[in-house]
Amino acid sequence: MRILVTGSTGQLGTALLSQLRDCNYQVKITSRRKPESMEDFNWVYSDLLSGEGLDEAVKDVDVIIHAATSPTKKSEAIELTGFGNFLSKAQHIQHFIYPSIVGIEDIPFKYYRLKYEAERLLKNSNIPYTIARATQFHSFVENLLLSKPLFNRYVIPGKVKFQSVDVGEYAGYLTDLVNKGPQGKAGDFCGPEILTLKEMAELKIKINNEKNNVLSIPLAGKLYSSLIEGKNTNSMEKIGEITFEEYLRSKLID
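Be aware that the sequence shown starts at 6, since it is given in our numbering, and climbs by one per residue.
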């Protein structure tokens, strides 16, 4: 089996390479920047924005795991225009695995809307596919929302809910899909527990023995309401096993 991993220098791409390092597949990786560690992998340059290198990237490949994404910079050009161009070059692919995000059709956030449109592009293509949605990664929640206390306080929308998941576990789930073949839309891959952001902040304070406190502030708007309602969670799909607390404790060991 010949596999291509896009976005090989990103967080998910790096986790995928760890999962695939000792496998029996022939693995090709592609990104704009050459990875620092690429033992046993064949790297080729490609750019979803310009289209450069995509033909070479998909050449002689059976399966694609599309970890490339851009939440903040030129998102529409990469998530939709670039992705559509990529799909046009991947018509020979036997299985296209597309990592996506739980609840994107119900959360009014631009990046999520683009991911949902990208799902539609893949569904309407002639390529056999699996759409594999996950909840937010543990590290995403911590680094984006719990990284910078202000005057010894985490000032956060504390009632927002997350069901965060370990990126390594999700990468393992994606690699397991390779042998299962195209699934269409697979079940959601979600973390083992649903916590409010306030509860997650309190866990971080406790585990790290911080002197910080939590100041929970309400926000207005549909985005905030959808996250309070837990549209980004799925209580029926608690597949991941590593909790947010275990993630925090593992960082102390590292």
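Just so you know, these hints were derived from the structure itself, not from any lab. Please note that the accuracy of each hint is not assured.
What the hints assert, rightly or not - Below are the DSS-like pairs computed for lysine-lysine, each with C-alpha atoms no more than 25 Å apart in a straight line:
{"hint": "1", "residue 1": "K115", "residue 2": "K190"}
{"hint": "2", "residue 1": "K185", "residue 2": "K115"}
{"hint": "3", "residue 1": "K185", "residue 2": "K236"}
{"hint": "4", "residue 1": "K203", "residue 2": "K236"}
{"hint": "5", "residue 1": "K166", "residue 2": "K256"}
{"hint": "6", "residue 1": "K203", "residue 2": "K185"}
{"hint": "7", "residue 1": "K236", "residue 2": "K256"}
{"hint": "8", "residue 1": "K94", "residue 2": "K185"}
{"hint": "9", "residue 1": "K115", "residue 2": "K256"}
{"hint": "10", "residue 1": "K203", "residue 2": "K227"}
{"hint": "11", "residue 1": "K256", "residue 2": "K211"}
{"hint": "12", "residue 1": "K128", "residue 2": "K115"}
{"hint": "13", "residue 1": "K94", "residue 2": "K79"}
{"hint": "14", "residue 1": "K128", "residue 2": "K185"}
{"hint": "15", "residue 1": "K216", "residue 2": "K166"}
To be verified - Pair ranges (Cβ atoms, derived):
{"hint": "16", "residue 1": "S221", "residue 2": "R37", "range": "37 to 43 Å"}
{"hint": "17", "residue 1": "N184", "residue 2": "Q96", "range": "43 to 49 Å"}
{"hint": "18", "residue 1": "S130", "residue 2": "A82", "range": "25 to 31 Å"}
{"hint": "19", "residue 1": "G189", "residue 2": "N218", "range": "42 to 48 Å"}
{"hint": "20", "residue 1": "R38", "residue 2": "A225", "range": "26 to 32 Å"}
The structure displayed is predicted, hence computed values, not measured ones. Note that beta-carbon positions come from the ideal geometry of N, C-alpha and C, so glycine has one too.
Where does the structure disagree with the numbered hints, that is, which hint numbers, in rising order?
2, 3, 6, 7, 9, 17, 18 and 20
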